[in-house]
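Hey, can you work out the whole structure from these sequences and the hints?
Chains as they are written, first to last, in this note's numbering: chain A, 1 to 282; chain B, 1 to 394.
Check each hint, because a few of them may be wrong.
As the list claims (entries may be wrong) - Derived pair list, reagent style SDA-like, types lysine to any residue, alpha-carbon separation capped at 25 angstroms:
1) A/K215 - B/Y141
2) A/K215 - B/Y176
3) A/K215 - A/R272
4) A/K215 - B/W381
5) A/K215 - B/N142
6) A/K215 - A/D86
7) A/K215 - B/D174
8) A/K215 - B/R92
9) A/K215 - B/E147
10) A/K215 - A/P183
Unchecked claim - Sample of chain B residues at the chain A side, in silico, Cβ under 10 angstroms:
11) V29
12) P294
13) L303
Claimed, not checked - Which stretches of chain A does chain B cover? Using the computed rule of at least three CB atoms under 8 angstroms from a CB of chain B, they are:
14) 156-170
15) 180-192
16) 195-201
17) 207-216
Hints in this document: simulated from the structure, not taken from any laboratory. Just so it is clear, CB atoms sit at the ideal spot from N, CA and C, and this is done for glycine as well.
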Amino acid sequence: MGARARRGDAGGRQVSSVTVAGRRVELARIGSGEPLLYLHGLADVHSALPPDPPTQLLHRLASSTAVVAPALPGYAGSDGLGPRADVEDHAFHLVDLLDEIGIGPVDVVGASFGGWLAAEFALRHPTRVRRLVLAAPLGLHVRDAPGVLFFGAAAPRGVGGFGEVRGVLFADPDGPVALDALPDELPRERALRWFGGLGGAAALGWRAPQLCDPKLAGRLDRIGMPTLVVWGADDRVAPVGQATAWQRGLPDARLEVIDGAGHALSLEEPDRLAELARDFLR
Amino acid sequence: MNFFFFHLMPWPYLPPPREFLREHEAAWVTLSNAIYDPERGVALYDRYLDELVAAETLGLDGIVVNEHHQNAYGIMPSPNLIAAALSQRTERVRICVLGNALPLWNPPIRVAEEYAMLDALTGGRLIAGLVVGGGPEYYSYNVNPTEARGRFREAVDLVVRAWTEPGPFSFDGDWYHLPYVNPWPRPLQQPHPPVWIPGLGSPGTIDFCAERGFGYIGVAYYAPPETFGRQAARYWESVERAGRPVEPEKLGWLTTVYVGDTDEEARTEAAPHLAYFAGNLAAGFVGAGKVWMPPGYLEPEALVQFLADLRATADRHRDGRGALFETYPMVGSVETVRERLLEFVLRHRIGTVLGLLSFGSLPAGLARRSLERYAQEVVPWVRERAAATLAAGR
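Shown next, in the form of structure tokens:
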């Protein structure tokens, strides 16, 4: 058993850190009922953990499930997986994490970067995943529908804030949700978390091609469990043309496209996403 | 003491910063090469090579070139080609490439090979700079920035072993696996050309240089000189901790220099070209706008601090011309530059000064006059007074 350190309840959430194969994993748990594993994305990296309140999405999901939301390797207080870690290592990491916290076969909701890892996990460890919800997952190399160069857009500014990266992540880059997630004057603690998270994404995703696993397309047919794919019609990071590739490649998948939505579905479309997920997982 | 002439080979034909920055986010990575004029480029290479060769004629100790990709900041993606050209046009000066960006070279033994060739072509005058490569290069070459430092450290070991260990040997590292390492030629200088490593201030780099006996060159030219003071202090502490001899020429300082007839004339002449350098060419590397600083290249704490420093610099520069010269104080008359330079090198026991004398959009005539004044009137004066003091410190 790894060491557990529990912090106080904030917003009905239990935050703890566990040790998985010698590495620290910070995670939030909220709700009760059947467990649900939530894997966050590029945008909602710091929104599940204190000092930020739990996201709307987690609240909604928690109304009917016991959500387990780990910070992915390199994000927030979770250690990275070390140099040269690839998707295999990330998949094993999730197996080990679930073992550590005592969760067997589980429904998995993954958004963006987390959706990519959820797919790679389900692909390799199908007995651990009951059903899968993928919200704008990264990872599929689709030449006909390339997204914007995310890491380029996320290059920081000396003065002038986060407008560019908000512009690629959010349908409403200067709306309250986007400005709450990535205000131009990002407080230091949240800035550390944001840049640390970019490092976590880069450790795996800064390859050729970026944020993709070139082998995934040829392996989609091995992800056999029932899968719901949700996509924003105006996603710039992973354009909606990629959604079709997922739906066609997965043997048992349904696709829902949300009009007018961007990449950060978990933040900008929490109610719709939660409703779709709950209906699917009922 | 050693006085080197450091050249970036900048593209001087962008509009003034106010106009340039309205239309462009940076001079790195995404500034379209459509605006590069190949005919003008030919003339620039000619002029810049002439300037570097002139440094020898004027009595300086060495010349320095460097590697930058896909930008207007410097048109030397392959500094080794320039060093090779210079090897044929010079006889005495040391030629320093500062430096080959090891993580961008696959495999890094190519660096060992090219430096060995340059060592031969220069007759043993090469100084081999080994660098991590600036943040923007990782976007341009799509090399993983989270791997930069691990690759760099291992590649340094590989290159030094390639120079010094009889081949063939196998290299089985974490990043590089080469079954046969056996470069022909081997370098002329023994055990190998001097290695210099530039740094922006990270203690890890400073300690690494001190412990390995490599030259440490502080290259944060965009920050006020006192930031180098902290690096120098750290360097000498590290040298002492490592039990290594005190060799002042292994501590180098890069500084922008412009020498005019009077202080006022120097400032007036240099100001628009310094502003071009700081405002246009540095945009994307430092500056108030987008910076191509990739994740994992710096630890988050260091990155947040770096961005805070950029904001502070931008605020200072908004105050007007005065602030520019706080950052670049080696701009003035012969007397002013002499005194400031001597004071600074003695205070920090700096044995090597790298002068950036042909910067930004500085026209050829002004650059040449400044270089002549520097080489003929500033350097001998400083050298004479510094030599005695530094020698006494050994």
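Here is how each hint holds up against the structure:
The hinted pair formed by A/K215 and B/Y141 meets the criterion: a straight-line CA distance of about 22 angstroms does not exceed 25 angstroms. With a C-alpha separation of about 24 angstroms, the suggested pairing of A/K215 with B/Y176 holds against the 25 angstroms cut-off. Proposed proximity of A/K215 and A/R272 is contradicted: the alpha carbons are some 31 angstroms apart, above 25 angstroms. For the given pair, A/K215 sits about 65 angstroms from B/W381 by alpha-carbon distance, which is inconsistent with the 25 angstroms threshold.
The straight-line distance between the Cα atoms of A/K215 and B/N142 is roughly 19 angstroms, inside the 25 angstroms bound, and the hint therefore holds. Proposed proximity of A/K215 and A/D86 is supported: the alpha carbons are some 12 angstroms apart, at most 25 angstroms. Proximity of A/K215 to B/D174 is assessed by CA-CA distance (about 24 angstroms); at most 25 angstroms being required, the pair is judged to hold. Note on A/K215 and B/R92: the hinted pairing is violated, with a Cα-Cα distance of about 55 angstroms set against a maximum of 25 angstroms.
Restraint check for A/K215 and B/E147: satisfied, since their Cα atoms lie roughly 22 angstroms apart, inside the 25 angstroms limit. This hinted pair does not check out: A/K215 and A/P183 have alpha carbons roughly 36 angstroms apart, beyond 25 angstroms. For B/V29, the interface hint holds, the least distance from its beta-carbon to any beta-carbon of chain A being 8 angstroms, beneath 10 angstroms. Nearest Cβ of chain A to the Cβ of B/P294: about 7 angstroms, under the 10 angstroms cut. The hint holds.
Contact between B/L303 and chain A, as hinted, is supported at the beta carbon level, the nearest pair being about 5 angstroms apart and thus within 10 angstroms. For the region 156-170 of chain A, the stated coverage by chain B holds: 6 residues have a C-beta nearer than 8 angstroms to a C-beta of that chain, and at least 3 were required. With 3 residues carrying a beta carbon less than 8 angstroms from a beta carbon of chain B, the region 180-192 of chain A meets the three-residue requirement, and the given coverage holds. Check on the region 195-201 of chain A: 5 of its residues sit with their Cβ under 8 angstroms from a Cβ of chain B, so the three-residue criterion for coverage holds.
Only residues whose beta carbon comes within less than 8 angstroms of a beta carbon in chain B count, and the region 207-216 of chain A has 3; three or more means the coverage holds.
When each numbered hint is compared with the structure, violations occur for hints 3, 4, 8, 10.
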